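Going down the list, the protein sequences come from chains A and B. Residues in the first sequence are numbered from 0 upward in steps of one, following numbering that gives the first Met the number 0. Residues in the second sequence are numbered from 0 upward in steps of one, following numbering that gives the first Met the number 0.
Heads up, some of the hints might be wrong.
[Unchecked claim] Restricting the straight-line Cα-Cα distance to at most 27 Å, the calculated cross-link-like pairs of lysine-lysine (DSSO-like) are:
(1) B/K373 <-> A/K209
(2) B/K330 <-> A/K209
(3) B/K394 <-> B/K373
What the hints contain is simulated information worked out from the structure, not anything from laboratory work. Fair warning: this is a prediction, and the values are worked out from it, not measured in the lab.
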Amino acid sequence: MARERIAAALRWETALLVALAGVFVAGIAISPQFTSSYSLFTTCTNIGDLAIMALPMTLIVIVGEIDLSVASTLAMSSELLGVLWLHHWPMGLIVVVCIAMGALAGLINGLLVTRVGLPSLAVTIGTLTLYRGIANLILGATSVSNFPSSYTAVGVNGFLGIDSLSWSVAIFAVLAIATGVMLRMTSLGRSLYAIGLNQEAAFHAGIRVKRIKLMLFVLSGIVCAAVGILYTFELSSAAENIGIGFELQVVTIVLLGGVSIFGGTGTVVGVALAAFVYALLRSALLLTPSFNENDFQVVSGGLLILSVLVPNLALFRARARELLARYRGKRARHA
Amino acid sequence: MSSSATPAVAAKPPSPAEPVVSLVEASKAFAGVHALREVSLELFAGETHALVGENGAGKSTLIKLLAGVHQPDGGQLQIGGEPVFLSGPGDAAHRGIAVIYQEPTLFPDLSVAENVFIGRQPLRPGRRIDHRAMDRAVNEVFARLGVRIDPERIARGLSIAEQQLVEIAKALTRSARVLIMDEPTAALSPIEVQRLFRVVEALRSEGAAVVFVSHRLAEVFEICQRVTVLRDGQRTLSRPLEGLSETDLIRAMVGRDVLTEAHEQHAPSRTVLEVQRLTREGVFRDISFEVGAGEVVALAGLVGSGRTEVARAIFGVDRYDAGTVRIDGQKLKRGSPTAAMSAGVGLVPEDRRQQGLVMEQSLARNIALASLRKLRRAGVIRARTEREFATDWAKRLQVRYSRVTAPVSTLSGGNQQKVVLAKWLARKPSLLIVDEPTRGIDVGTKSEVHRLISQLARDGVAVLVISSELPEVLTVADRVLVMREGQLVAGLTREQATEEAIIAAGTAAALPSATRKTPS
Numbered sequence: 000m001a002r003e004r005i006a007a008a009l010r011w012e013t014a015l016l017v018a019l020a021g022v023f024v025a026g027i028a029i030s031p032q033f034t035s036s037y038s039l040f041t042t043c044t045n046i047g048d049l050a051i052m053a054l055p056m057t058l059i060v061i062v063g064e065i066d067l068s069v070a071s072t073l074a075m076s077s078e079l080l081g082v083l084w085l086h087h088w089p090m091g092l093i094v095v096v097c098i099a100m101g102a103l104a105g106l107i108n109g110l111l112v113t114r115v116g117l118p119s120l121a122v123t124i125g126t127l128t129l130y131r132g133i134a135n136l137i138l139g140a141t142s143v144s145n146f147p148s149s150y151t152a153v154g155v156n157g158f159l160g161i162d163s164l165s166w167s168v169a170i171f172a173v174l175a176i177a178t179g180v181m182l183r184m185t186s187l188g189r190s191l192y193a194i195g196l197n198q199e200a201a202f203h204a205g206i207r208v209k210r211i212k213l214m215l216f217v218l219s220g221i222v223c224a225a226v227g228i229l230y231t232f233e234l235s236s237a238a239e240n241i242g243i244g245f246e247l248q249v250v251t252i253v254l255l256g257g258v259s260i261f262g263g264t265g266t267v268v269g270v271a272l273a274a275f276v277y278a279l280l281r282s283a284l285l286l287t288p289s290f291n292e293n294d295f296q297v298v299s300g301g302l303l304i305l306s307v308l309v310p311n312l313a314l315f316r317a318r319a320r321e322l323l324a325r326y327r328g329k330r331a332r333h334a
Numbered sequence: 000m001s002s003s004a005t006p007a008v009a010a011k012p013p014s015p016a017e018p019v020v021s022l023v024e025a026s027k028a029f030a031g032v033h034a035l036r037e038v039s040l041e042l043f044a045g046e047t048h049a050l051v052g053e054n055g056a057g058k059s060t061l062i063k064l065l066a067g068v069h070q071p072d073g074g075q076l077q078i079g080g081e082p083v084f085l086s087g088p089g090d091a092a093h094r095g096i097a098v099i100y101q102e103p104t105l106f107p108d109l110s111v112a113e114n115v116f117i118g119r120q121p122l123r124p125g126r127r128i129d130h131r132a133m134d135r136a137v138n139e140v141f142a143r144l145g146v147r148i149d150p151e152r153i154a155r156g157l158s159i160a161e162q163q164l165v166e167i168a169k170a171l172t173r174s175a176r177v178l179i180m181d182e183p184t185a186a187l188s189p190i191e192v193q194r195l196f197r198v199v200e201a202l203r204s205e206g207a208a209v210v211f212v213s214h215r216l217a218e219v220f221e222i223c224q225r226v227t228v229l230r231d232g233q234r235t236l237s238r239p240l241e242g243l244s245e246t247d248l249i250r251a252m253v254g255r256d257v258l259t260e261a262h263e264q265h266a267p268s269r270t271v272l273e274v275q276r277l278t279r280e281g282v283f284r285d286i287s288f289e290v291g292a293g294e295v296v297a298l299a300g301l302v303g304s305g306r307t308e309v310a311r312a313i314f315g316v317d318r319y320d321a322g323t324v325r326i327d328g329q330k331l332k333r334g335s336p337t338a339a340m341s342a343g344v345g346l347v348p349e350d351r352r353q354q355g356l357v358m359e360q361s362l363a364r365n366i367a368l369a370s371l372r373k374l375r376r377a378g379v380i381r382a383r384t385e386r387e388f389a390t391d392w393a394k395r396l397q398v399r400y401s402r403v404t405a406p407v408s409t410l411s412g413g414n415q416q417k418v419v420l421a422k423w424l425a426r427k428p429s430l431l432i433v434d435e436p437t438r439g440i441d442v443g444t445k446s447e448v449h450r451l452i453s454q455l456a457r458d459g460v461a462v463l464v465i466s467s468e469l470p471e472v473l474t475v476a477d478r479v480l481v482m483r484e485g486q487l488v489a490g491l492t493r494e495q496a497t498e499e500a501i502i503a504a505g506t507a508a509a510l511p512s513a514t515r516k517t518p519s
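Could you build all of it, start to finish, from the sequences and the hints given here?
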């Protein structure tokens, strides 16, 4: 069965790979602009930020929790950056303060989940709104965009002079490899999967379940704050409602990547592939005439449902077969 | 079957000639693997029918066919000689077949009576629930069974024995003709077992057909009239019990003779575990005892006397309010399994599936789970190192498995328990606490586990065993500590420890729990 499961996981990742190729071909067919380095760079920049946030989210979903406050934490970081820059703080100090604020935001989520014992879904829906509100209070209706071009270059120039490779994707690649190695090959990685599958057994085996979960929420806060800074520079603007709705895109990418919403399974490779399928699909569809951002929401929602549904298809099939057997039996009796 | 509130067991008088319910050459396969092959079973009114076999022999599948959970692939189920098709558990219940599981699941916030009548409450005009009629009917059933449980008390906090009685009451108020009890005694203390047996006898004499599943053969001989033995999904024996011996049954179960075990005395050296005045409010108090290296100490007593809770407190999965735990003279930090593990303590928990194993993960992952730090090389664990480590320990404990990468859920109960043991032995503990080492494990594996415990003591490990099975206690223990209502009431040496002495110490002045009336 383990072999079957590995095979199933491979199939999922293979399917994503096929989807990636399919989307690429479709994109080229739709518009020649699809492969222009400008288009690829924009796509790349967008997805890099989401994909980086998807990494801590992957770990949190693997242990059976969720963090919906990621985009709001990003916004707090971005708007704090804006307001401090207006007050002429040195950039180094601003970065430290923003990251510390992200850690605090994650700590609050983590403490409410692990020490108070509230469900993370409820807690982070709460802080989703709370942090977003705080973010908008920090900066108000002003927008800050007078950042020096040496910072905002990350939104214009490619990484190491490669035109179509954004900084965000390069950073993601490094972090993804680190996360992947951690998950596959370290005792922490083993512990995360064990927690996701059976928290109680993990606890009985001496794994510090609460401490690990707390740490993951803090990590998520730090990473999201850092992405907040990066994203602000890419846009070269900090303003109200920055990154709104990102949390659902991040969750979609994680689930599309084959991470089980019930915890205990999932790989970084899957999530990375899912991020690019998602980004290229969006880019290709938006290049289609008469297709707009709203239409894409329909696609995005459908993808989310599909990625939860498909891994459980075998289960549904078995249930349907059982129901059918019962139905036939009843008819046989009445006959 | 009218759902009247008046309990009536048998519509027909007992007629041993014709079975009430029978399976005729029933087969069932899951994903191509045969769980049952052409098994026939006849259940007669007024008879208690033992169903025995090693884990994985097909008992559960057979019960699920009778309970309507599964439908046979081949053969048929007959009720009163007529072939029937059960569309689901509800259908089976409607036709008078009731199943009482080892650990019943009641609604904890509803009263006993509400649980008994769940989904079919008697109504007063205006569709209001008739609580008085419910209480009356439940009281009547309990009176007939000779037990006293307040029908209005909330189900939360009922002992497993009491919960089973509630399930039995549920079956009786449905006028069940066939009562299937799946290992009902596994979690019961000897006193509770005796009370359950009186109830079973009462039901049988009223004409019910009872199916009794148990791993304890002594109980089978005590309560049953007929026996069916399964091995590898096939029936190897089915006949009246009269004239059979335990050895006959064991041979039919395992296909060979199993040697009876003798106790092996170990001499303790230095003290490893020292517990002083350990107290957790409302659970246990003033518990003091020691366990030496190379010694097996058993913690006996009724279920609910606080044995498991003391073990959990020592290992740190539960907190305690006062007292100290010392390992090799060093005080142990409270409430931290991680600290207990670094001090050399291991706990094989009572609930294997929930606490001992990650069922979906492989043997390798499970065995390595408590030794991850040891397996690290430069911060990294290689899958191959992990597999070799696990294979080594699985072999030492003679786990029967196909591949170390197969999920533990594919193993039988006995082999799963060996995996949990392997996980802890791989840490080379100085103190191993084993809670119910052989619950739900077949005869053959049971004696292997006992030999393992003995071997551990010989290797100088201090072993604390918690067990509800007195023969097991007497086989493995060098010393027996008895708990009653949260207190340590007796320490018996090997010579003093007899079944009678342990029962006497564990129950003196304590009323059997079902007669306890809770203050409302």
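Structure-based check of all given hints:
Taking the CA atoms of B/K373 and A/K209, the gap is about 22 Å. The hint holds against a cut of 27 Å. With a C-alpha separation of about 24 Å, the suggested pair B/K330 and A/K209 falls inside the 27 Å cut-off, and the hint holds. For the hint pairing B/K394 with B/K373, the CA-to-CA distance comes to about 19 Å; that is within 27 Å, so the pair holds.
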